[in-house]
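Protein chains in written order, with our numbering: chain A, 2 to 354; chain B, 215 to 379.
Please note that a few of the clues may not be correct.
In silico DMTMM-like pairs for lysine to aspartate or glutamate, Cα to Cα no more than 25 Å straight-line [stated by the list, open to error]:
(1) A:Lys204 x B:Asp281
(2) B:Lys335 x A:Asp202
(3) B:Lys223 x A:Glu194
(4) B:Lys313 x B:Glu356
(5) B:Lys368 x A:Glu235
(6) B:Lys335 x A:Asp269
(7) B:Lys368 x A:Glu192
(8) B:Lys351 x A:Glu57
(9) A:Lys195 x B:Glu251
(10) A:Lys204 x A:Glu122
(11) B:Lys335 x A:Glu194
(12) A:Lys195 x B:Glu252
(13) A:Lys70 x A:Asp148
(14) B:Lys223 x A:Glu141
(15) A:Lys195 x B:Glu296
(16) B:Lys335 x A:Glu141
(17) A:Lys195 x A:Asp155
(18) B:Lys335 x A:Glu192
(19) A:Lys204 x B:Asp362
(20) B:Lys368 x A:Glu57
(21) B:Lys351 x A:Asp202
Taking beta-carbon pairs under 7 Å as the criterion, some of the chain A residues facing chain B (in silico) [to be verified]:
(22) Pro42
(23) Pro45
(24) Arg46
(25) Asp50
(26) Tyr156
(27) Gln161
(28) Ala167
(29) Gly173
(30) Ile228
(31) Trp273
(32) Gly277
(33) Asn281
Computed spacing ranges between beta-carbons, pair by pair [said to hold, decoys possible]:
(34) A:Asp50 x B:Asp371: 23 to 33 Å
(35) B:Val358 x A:Lys195: 45 to 55 Å
(36) A:Thr67 x B:Ser284: 48 to 58 Å
(37) A:Arg305 x B:Thr317: 50 to 60 Å
It should be emphasised that the hints constitute simulated quantities derived from the structure, not laboratory data.
Quick reminder that beta carbons are idealized off the backbone N, C-alpha and C, glycines included.
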Amino acid sequence: MSGPLDQVARQPGEWLRGTGPLHEIVISTRIRLARNIRGFPFLPRADVDTRREIVETVRSAVRRATLLKDHVCVDVDALDELDRTLLVERQLISRQHADGSGPRVVFFEPSEASGIMVNEEDHLRIQTMRSGLQIDAAWEQINALDDALEAHLDYAFHSQYGYLTACPTNVGTGIRVSVMLHLPALRLTNELEKVGQAARDMKLAVRGLHGEGTEALGDFFQISNQITLGRSEEEIIDDFRNVVIPKIVEYEQATRQALLKHRPHALDDKIWRAIGLLKNARLISSHEAMQYLSHVRMGLHVGRLDNIDLPTLNELFLQIQPAHLQKLHGERLTGEQRSIERAAFIRARLHTN
Amino acid sequence: MGLCERCKKAQATFHLTNIDRSGNKTERHLCDRCAGEEGLLHTGKPTLDVDELLQNFISTSKSGGVDLSSLVCDQCGISYVEFRNQGLLGCPHDYDVFKEPLTRLLERTHGATQHEGKVPKSLDAARKPQRDIRRLKRQLEEAVAGEDYERAAKLRDRIRELENS
Chain A
2 MSGPLDQVAR
12 QPGEWLRGTG
22 PLHEIVISTR
32 IRLARNIRGF
42 PFLPRADVDT
52 RREIVETVRS
62 AVRRATLLKD
72 HVCVDVDALD
82 ELDRTLLVER
92 QLISRQHADG
102 SGPRVVFFEP
112 SEASGIMVNE
122 EDHLRIQTMR
132 SGLQIDAAWE
142 QINALDDALE
152 AHLDYAFHSQ
162 YGYLTACPTN
172 VGTGIRVSVM
182 LHLPALRLTN
192 ELEKVGQAAR
202 DMKLAVRGLH
212 GEGTEALGDF
222 FQISNQITLG
232 RSEEEIIDDF
242 RNVVIPKIVE
252 YEQATRQALL
262 KHRPHALDDK
272 IWRAIGLLKN
282 ARLISSHEAM
292 QYLSHVRMGL
302 HVGRLDNIDL
312 PTLNELFLQI
322 QPAHLQKLHG
332 ERLTGEQRSI
342 ERAAFIRARL
352 HTN
Chain B
215 MGLCERCKKA
225 QATFHLTNID
235 RSGNKTERHL
245 CDRCAGEEGL
255 LHTGKPTLDV
265 DELLQNFIST
275 SKSGGVDLSS
285 LVCDQCGISY
295 VEFRNQGLLG
305 CPHDYDVFKE
315 PLTRLLERTH
325 GATQHEGKVP
335 KSLDAARKPQ
345 RDIRRLKRQL
355 EEAVAGEDYE
365 RAAKLRDRIR
375 ELENS
């Protein structure tokens, strides 16, 4: 089993590098812009030929934009299910893009810090990704990429409604800022509902690891804006940078400190049970592994563990996912085989560490 | 903040004021746990299904005089009913064809009907001052609402500057 993406599975990926401001709690910052090209129907009304033409129009713009000269193109339609899932696990494409049909591609930078999905829900979904809280860096890059593409593409833009999108929920700026947070202490103390309520009050959505419609795996949560019309990109970004994220981070940190002070044994028990299970399990699902890895990650950050290094842990979060596991193993595995292989992989990584 | 009137141990975080028909007021102050045990908290997670709300909104909307079911885009051929069922529009022109019902829908989902922010470079230069003024005026309203008068004064000066330039 070999394919164009074999090497990709071995890299850590931008969003799990575990660096950047507030990286102990803020895993990654992602921004996407939804764009459509004037003169083409939106995707629900685009037949195969039109979709192909859209791909070629974007390809030609990418080729002419020097800022995008390092972006590689992967033909998502030509990939098998495993490779598509690999890209979803790395957050380079969405589940919807993976499961779609017809001509569709993704362009991405080799560092995976930016990418462009073509023919997802809109003609273009441009995204930038950074580890930790780096909203400004993510915005600067995506703004520049958008300008570079716009120089060669005629975007569908309306003087009243802004950038036009297939779904009216994205119209206007077409921006979605998503910040992924690791909130194990708030989850352990059942305080997450308060975060959810506060987010809803600010018209923000709280989602699981892979965005829309996914559950919260391993205490990871994505906070993202819902409103795209009537507020500028800068105003939306300001809310995240100055209000929402600092508040949640402070809340998680305070809860961790409170646990350390008042329930140190309960906290240690969670952390060390997680270590015990990860080092000894013979069959483990990705869901279960994510949960224990989450507790170990918290253990590292509150100073209750020091014999596991953060890069190893961050790699594990990604490499235990089903598609990565199979890619690294070199062959396709059934559900039970994956659980066996995953358990062995984790044991090996944690024991040699 | 006082203690829970029921267990008298934890902080009271739940405050209920009940006013009956004859206007008599009774107050209760409980901690989360006691409020839960008395069945005063919603135990299930609040669910807010945006898609469903949107769906309900679209299907109940009646436009003044315009029969929404007869609206069809002359460019992509999508009808308002199809859009209503799938939630996605057929082409950029739909925003003009369905303008009336869409404007109300956008007002509901975004609380606004006028774009603010980035504009393609080719259209940008001419409109920038007006956009800046609009944005600053909104920030001014926010500053006043938040009683941040120092910021409000600065914003007011900036708006005057732009309006006179």
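Status of each hint after checking the structure:
no.: 1; hint: A:Lys204 x B:Asp281; verdict: violated, 32 Å
no.: 2; hint: B:Lys335 x A:Asp202; verdict: violated, 34 Å
no.: 3; hint: B:Lys223 x A:Glu194; verdict: holds, 23 Å
no.: 4; hint: B:Lys313 x B:Glu356; verdict: violated, 29 Å
no.: 5; hint: B:Lys368 x A:Glu235; verdict: holds, 19 Å
no.: 6; hint: B:Lys335 x A:Asp269; verdict: violated, 56 Å
no.: 7; hint: B:Lys368 x A:Glu192; verdict: violated, 39 Å
no.: 8; hint: B:Lys351 x A:Glu57; verdict: violated, 43 Å
no.: 9; hint: A:Lys195 x B:Glu251; verdict: holds, 19 Å
no.: 10; hint: A:Lys204 x A:Glu122; verdict: holds, 22 Å
no.: 11; hint: B:Lys335 x A:Glu194; verdict: violated, 42 Å
no.: 12; hint: A:Lys195 x B:Glu252; verdict: holds, 20 Å
no.: 13; hint: A:Lys70 x A:Asp148; verdict: holds, 14 Å
no.: 14; hint: B:Lys223 x A:Glu141; verdict: violated, 52 Å
no.: 15; hint: A:Lys195 x B:Glu296; verdict: violated, 38 Å
no.: 16; hint: B:Lys335 x A:Glu141; verdict: holds, 16 Å
no.: 17; hint: A:Lys195 x A:Asp155; verdict: violated, 44 Å
no.: 18; hint: B:Lys335 x A:Glu192; verdict: violated, 45 Å
no.: 19; hint: A:Lys204 x B:Asp362; verdict: holds, 23 Å
no.: 20; hint: B:Lys368 x A:Glu57; verdict: violated, 49 Å
no.: 21; hint: B:Lys351 x A:Asp202; verdict: holds, 23 Å
no.: 22; hint: Pro42; verdict: holds, 4 Å
no.: 23; hint: Pro45; verdict: holds, 5 Å
no.: 24; hint: Arg46; verdict: holds, 4 Å
no.: 25; hint: Asp50; verdict: violated, 15 Å
no.: 26; hint: Tyr156; verdict: holds, 6 Å
no.: 27; hint: Gln161; verdict: holds, 6 Å
no.: 28; hint: Ala167; verdict: holds, 5 Å
no.: 29; hint: Gly173; verdict: holds, 5 Å
no.: 30; hint: Ile228; verdict: holds, 5 Å
no.: 31; hint: Trp273; verdict: violated, 29 Å
no.: 32; hint: Gly277; verdict: violated, 31 Å
no.: 33; hint: Asn281; verdict: violated, 34 Å
no.: 34; hint: A:Asp50 x B:Asp371: 23 to 33 Å; verdict: violated, 56 Å
no.: 35; hint: B:Val358 x A:Lys195: 45 to 55 Å; verdict: violated, 29 Å
no.: 36; hint: A:Thr67 x B:Ser284: 48 to 58 Å; verdict: holds, 49 Å
no.: 37; hint: A:Arg305 x B:Thr317: 50 to 60 Å; verdict: holds, 55 Å
Going through the hint list in order, the structure does not satisfy hints 1, 2, 4, 6, 7, 8, 11, 14, 15, 17, 18, 20, 25, 31, 32, 33, 34 and 35.
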